[in-house]
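*Asks:* Read off the chains here:
Number of protein chains: 2
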Amino acid sequence: MIVEIISIGTELLLGDIIDTNSAYIAEKLTENGFDIHYVSTVGDNLARITATIKRAQQRADIIITTGGLGPTDDDLTREAIAASMGLELKKDERLLTAIKNYFREKNYSMTVNNEKQACLPEGATEIPNEKGTAPGILLERDDIIIISMPGVPGEMKDMLERKVLPYLKELSAGLIQSRVLNFFGIGESSLEMEIKDILDKQTNPTIALLAGKGEVKIRITSKASSKEKAGELIAAVEKGIRERVGEYVYGSDDKGLAVVVAELLKEKGLSIATAESCTGGLLGDRITNIAGSSEYFQGGVIVYSNQVKHELLGVEENTLKKYGAVSAETAQEMAEGIKDNMSTDIGIAITGIAGPGGGSQGKPVGLVYLGLAIDDYSQTFKLKLRNDRAWNKWMSTQYALYYLYRYLVNGQEF
Amino acid sequence: MIVEIISIGTELLLGDIIDTNSAYIAEKLTENGFDIHYVSTVGDNLARITATIKRAQQRADIIITTGGLGPTDDDLTREAIAASMGLELKKDERLLTAIKNYFREKNYSMTVNNEKQACLPEGATEIPNEKGTAPGILLERDDIIIISMPGVPGEMKDMLERKVLPYLKELSAGLIQSRVLNFFGIGESSLEMEIKDILDKQTNPTIALLAGKGEVKIRITSKASSKEKAGELIAAVEKGIRERVGEYVYGSDDKGLAVVVAELLKEKGLSIATAESCTGGLLGDRITNIAGSSEYFQGGVIVYSNQVKHELLGVEENTLKKYGAVSAETAQEMAEGIKDNMSTDIGIAITGIAGPGGGSQGKPVGLVYLGLAIDDYSQTFKLKLRNDRAWNKWMSTQYALYYLYRYLVNGQEF
Numbered sequence: 001m002i003v004e005i006i007s008i009g010t011e012l013l014l015g016d017i018i019d020t021n022s023a024y025i026a027e028k029l030t031e032n033g034f035d036i037h038y039v040s041t042v043g044d045n046l047a048r049i050t051a052t053i054k055r056a057q058q059r060a061d062i063i064i065t066t067g068g069l070g071p072t073d074d075d076l077t078r079e080a081i082a083a084s085m086g087l088e089l090k091k092d093e094r095l096l097t098a099i100k101n102y103f104r105e106k107n108y109s110m111t112v113n114n115e116k117q118a119c120l121p122e123g124a125t126e127i128p129n130e131k132g133t134a135p136g137i138l139l140e141r142d143d144i145i146i147i148s149m150p151g152v153p154g155e156m157k158d159m160l161e162r163k164v165l166p167y168l169k170e171l172s173a174g175l176i177q178s179r180v181l182n183f184f185g186i187g188e189s190s191l192e193m194e195i196k197d198i199l200d201k202q203t204n205p206t207i208a209l210l211a212g213k214g215e216v217k218i219r220i221t222s223k224a225s226s227k228e229k230a231g232e233l234i235a236a237v238e239k240g241i242r243e244r245v246g247e248y249v250y251g252s253d254d255k256g257l258a259v260v261v262a263e264l265l266k267e268k269g270l271s272i273a274t275a276e277s278c279t280g281g282l283l284g285d286r287i288t289n290i291a292g293s294s295e296y297f298q299g300g301v302i303v304y305s306n307q308v309k310h311e312l313l314g315v316e317e318n319t320l321k322k323y324g325a326v327s328a329e330t331a332q333e334m335a336e337g338i339k340d341n342m343s344t345d346i347g348i349a350i351t352g353i354a355g356p357g358g359g360s361q362g363k364p365v366g367l368v369y370l371g372l373a374i375d376d377y378s379q380t381f382k383l384k385l386r387n388d389r390a391w392n393k394w395m396s397t398q399y400a401l402y403y404l405y406r407y408l409v410n411g412q413e414f
Numbered sequence: 001m002i003v004e005i006i007s008i009g010t011e012l013l014l015g016d017i018i019d020t021n022s023a024y025i026a027e028k029l030t031e032n033g034f035d036i037h038y039v040s041t042v043g044d045n046l047a048r049i050t051a052t053i054k055r056a057q058q059r060a061d062i063i064i065t066t067g068g069l070g071p072t073d074d075d076l077t078r079e080a081i082a083a084s085m086g087l088e089l090k091k092d093e094r095l096l097t098a099i100k101n102y103f104r105e106k107n108y109s110m111t112v113n114n115e116k117q118a119c120l121p122e123g124a125t126e127i128p129n130e131k132g133t134a135p136g137i138l139l140e141r142d143d144i145i146i147i148s149m150p151g152v153p154g155e156m157k158d159m160l161e162r163k164v165l166p167y168l169k170e171l172s173a174g175l176i177q178s179r180v181l182n183f184f185g186i187g188e189s190s191l192e193m194e195i196k197d198i199l200d201k202q203t204n205p206t207i208a209l210l211a212g213k214g215e216v217k218i219r220i221t222s223k224a225s226s227k228e229k230a231g232e233l234i235a236a237v238e239k240g241i242r243e244r245v246g247e248y249v250y251g252s253d254d255k256g257l258a259v260v261v262a263e264l265l266k267e268k269g270l271s272i273a274t275a276e277s278c279t280g281g282l283l284g285d286r287i288t289n290i291a292g293s294s295e296y297f298q299g300g301v302i303v304y305s306n307q308v309k310h311e312l313l314g315v316e317e318n319t320l321k322k323y324g325a326v327s328a329e330t331a332q333e334m335a336e337g338i339k340d341n342m343s344t345d346i347g348i349a350i351t352g353i354a355g356p357g358g359g360s361q362g363k364p365v366g367l368v369y370l371g372l373a374i375d376d377y378s379q380t381f382k383l384k385l386r387n388d389r390a391w392n393k394w395m396s397t398q399y400a401l402y403y404l405y406r407y408l409v410n411g412q413e414f
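Protein chains in written order, with our numbering: chain X, 1 to 414; chain A, 1 to 414.
To be clear, the hints were calculated from the coordinates, so they are not data collected in a lab.
All of these numbers come straight from a predicted model, not from anything done at the bench.
Incorrect hints may have been included.
EDC-like cross-link-like pairs, simulated, lysine to aspartate or glutamate; straight-line CA separation at most 16 Å [unchecked claim]: (1) X:Lys-196 - A:Asp-92; (2) X:Lys-163 - X:Glu-115; (3) X:Lys-227 - X:Glu-170; (4) A:Lys-213 - X:Glu-11; (5) A:Lys-28 - X:Glu-11; (6) A:Lys-223 - A:Asp-92; (7) X:Lys-131 - X:Glu-105; (8) A:Lys-90 - A:Glu-130; (9) X:Lys-266 - X:Asp-345; (10) A:Lys-217 - X:Glu-130; (11) X:Lys-217 - A:Asp-92; (12) X:Lys-131 - A:Glu-130; (13) A:Lys-157 - X:Asp-388; (14) X:Lys-157 - X:Glu-115; (15) X:Lys-131 - X:Asp-158; (16) A:Lys-116 - A:Asp-142; (17) A:Lys-163 - A:Glu-188; (18) X:Lys-28 - A:Glu-11; (19) X:Lys-213 - A:Glu-11; (20) X:Lys-90 - X:Glu-115; (21) A:Lys-100 - A:Asp-73; (22) X:Lys-90 - X:Glu-79; (23) X:Lys-100 - X:Glu-79; (24) X:Lys-116 - X:Glu-79; (25) X:Lys-54 - X:Glu-79; (26) X:Lys-28 - X:Glu-11; (27) A:Lys-213 - A:Glu-188; (28) A:Lys-131 - X:Glu-79; (29) X:Lys-157 - A:Asp-73; (30) X:Lys-201 - X:Asp-158; (31) X:Lys-91 - X:Glu-115.
Partner residues aside, some chain A positions facing chain X, computed with beta carbon under 10 Å [to be verified]: (32) Lys-28; (33) Ala-118; (34) Cys-119; (35) Leu-270; (36) Pro-356.
Sample of chain X residues lacking proximity to chain A, with all beta carbon distances greater than 12 Å (derived) [to be verified]: (37) Thr-133; (38) Gly-251; (39) Asp-388.
Just so it is clear, CB atoms sit at the ideal spot from N, CA and C, and this is done for glycine as well.
Using the sequences and the accompanying hints, generate a full structural model.
*Replies:* This is the structure in structure tokens:
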């Protein structure tokens with residue numbers, strides 16, 4: 001089934017807000033086997049929204065809109081849906097009561113504007129919004145289904161996952177399954193070359209290569225007459241891919257490197273501490289983005305200056321002088337130092353030149369050393385990254401998490 | 001002038017990549033006084049790209065596309081522009097030589113596919129790409145201008161800023177000026193109320209309220225017969241706004257809180273160190289995202305466990321026991337501890353409950369204390385944030401930077 005996504009809101013056209021809703025909806029729908037041909041963004045203008053919905057009706061089976069369901073004069077999605085279908089807007093008394101109750105419970109004062117949110121195009125039903133006052137809209141016709149959700153990302157996501165996806169999955173009878181394999185350490189084009197014959201001959205499941213932020217993913221999507229059959233089709237293709245490039249697969253589906261590492265640390269009952277120079281706290285930030293990380297994450301240090309590398313981590317002044325702050329030797333002493341200081345099982349360290357300044361001929365921007373210390377074992381890794389500060393910081397943490405992952409899975413055999 | 005943006009690439013429809021390019025272009029163009037009515041995303045399908053460009057020709061003066069300029073069979077933007085305008089594609093020999101030279105210099109091997117990148121629609125000119133192999137395209141007709149840029153964000157931004165914006169500014173004769181004021185500590189709706197009369201009566205300059213990530217911005221855009229006149233119009237409105245709500249303005253234009261703080265620290269010659277609990281390194285990450293931060297940032301600690309709060313920062317065991325890790329007392333000792341440990345002028349500390357777990361009735365999720373220690377002066381701040389881990393982490397660092405900014409500007413008068 002072909003889906004078209006329309007994001008509504010002038011703020012999206014001004015560029016101050018990036019339209020993350022469309023990407024989120026597109027990802028969830030693609031995972032569930034729906035095809036998306038167009039995504040549009042349109043401002044708070046009734047004629048333009050109506051025209052955009054009308055055009056989508058001609059080329060899609062399902063239209064999903066976000067935004068424009070609020071109470072103000074700028075919120076025109078209801079009106080545009082009604083206009084595009086030649087329908088009247090009607091006030092739904094039950095919905096009005098629900099909105100009034102919401103305001104009463106929250107002790108907010110309700111304005112006349114808010115009554116607008118109780119209006120629906122004739123024949124449409126409300127999609128309950130458990131995170132806010134603007135209900136979604138579901139309009140089913142023989143030739144088109146229109147689903148409208150709020151623009152606030154938290155409200156939209158909640159509604160999509162709890163109401164809209166289950167509804168759409170039922171439409172597609174659950175016969176579409178998908179699975180994502182996450183790769184690190186191999187580029188998109190190399191991965192494509194390695195499995196080109198598999199990619200070329202495949203029709204069901206379909207296989208898609210997806211570029212992540214410093215990593216690559218493969219999505220396998222199958223359609224079959226039963227859930228089990230669809231799962232079997234995926235398993236067979238996954239097996240073939242893993243035989244070829246399995247060494248680069250670190251996880252699947254929504255689990256990024258930080259999550260996979262977190263699960264392994266918890267499973268093995270190991271604690272960890274970080275020592276960061278050029279990444280400035282980004283590794284700690286990524287580790288602590290995961291709820292419950294205090295179970296295994298003891299803490300870390302950000303040692304931007306040489307002085308604190310020595311004072312806080314016990315990196316020998318001689319090491320700093322002889323090899324420099326950006327060296328395998330310093331990375332190793334940093335990792336061992338933080339492990340000892342914080343009495344953890346594992347210490348992980350990053351030191352490098354993020355750029356744009358600070359590089360030299362011998363030590364160019366993008367040169368990064370990682371240190372990993374576990375019990376009495378320690379190991380260092382050298383990275384040569386690109387010439388961009390934000391990218392170099394990000395990739396340094398990617399590699400740090402990846403080598404840690406490899407150690408946790410394979411032990412000392414890198 | 002009306003601009004329409006078209007993002008090209010199937011990966012954008014799958015939702016794995018969020019289309020940040022459109023938002024970036026929209027922001028830059030809006031700042032420069034161009035109006036954007038539609039943004040579209042379309043996959044790598046020749047018929048659909050061509051149809052999308054044709055439609056845009058009917059409703060815009062300028063079309064800007066990104067993506068689809070690469071060397072592979074999927075890259076169809078050149079073909080679609082030619083098809084939509086009824087033009088032939090021609091190989092440009094000078095461009096071909098330039099691409100060959102690029103590959104020779106980089107020591108990459110060039111494939112036949114890459115020759116495609118030397119093709120342009122008849123009458124179009126190349127926009128040089130200094131960050132990659134795919135040149136942009138500029139096609140000028142009496143009724144429409146088409147500008148095509150690569151989809152790789154780094155290449156697109158470089159091309160936009162160095163080539164496309166100067167070209168567009170010349171088109172608009174530089175008579176449009178804009179200025180953004182950045183606010184912290186006031187919500188969007190309160191700000192709107194405070195200046196509603198100014199907003200309502202304003203036509204030139206126009207004034208737009210923009211929601212940032214935990215902050216608000218006001219953009220003032222003026223059009224006039226000369227650059228000076230346009231600047232004067234802005235200055236008058238800015239003065240009126242500042243008289244009303246100037247206390248909340250912390251900076252202007254592209255300068256976020258971290259940049260404003262960085263400039264003040266450099267100007268005053270002050271050094272800083274961070275002590276983070278619930279933010280897990282995010283504050284350090286934000287400070288070190290700014291190139292040259294090693295001038296004033298000495299380093300920091302991430303003290304996730306109580307043990308390291310005591311051991312690394314010298315927070316008294318008694319304080320932790322009596323008041324708890326999330327308390328004004330602990331925040332203060334953390335700030336003083338990191339300042340002393342790293343021998344900096346300023347120590348800044350964050351301790352709180354990011355959630356979703358870890359809250360209690362007395363100390364709910366979202367409770368955060370900040371500590372600021374400068375010489376012998378220290379001060380703490382209590383925050384009550386929302387129930388979302390990522391948001392709570394972000395807002396804690398926003399407030400930390402904001403209070404530091406206030407101190408650097410006003411001294412001890414908070």
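*Asks:* Of all the hints numbered above, which does this structure not satisfy? Sort the numbers upward.
*Replies:* Violated: hints 1, 2, 6, 8, 10, 11, 12, 14, 16, 17, 21, 23, 26, 28, 29, 30, 33, 34, 35 and 39.
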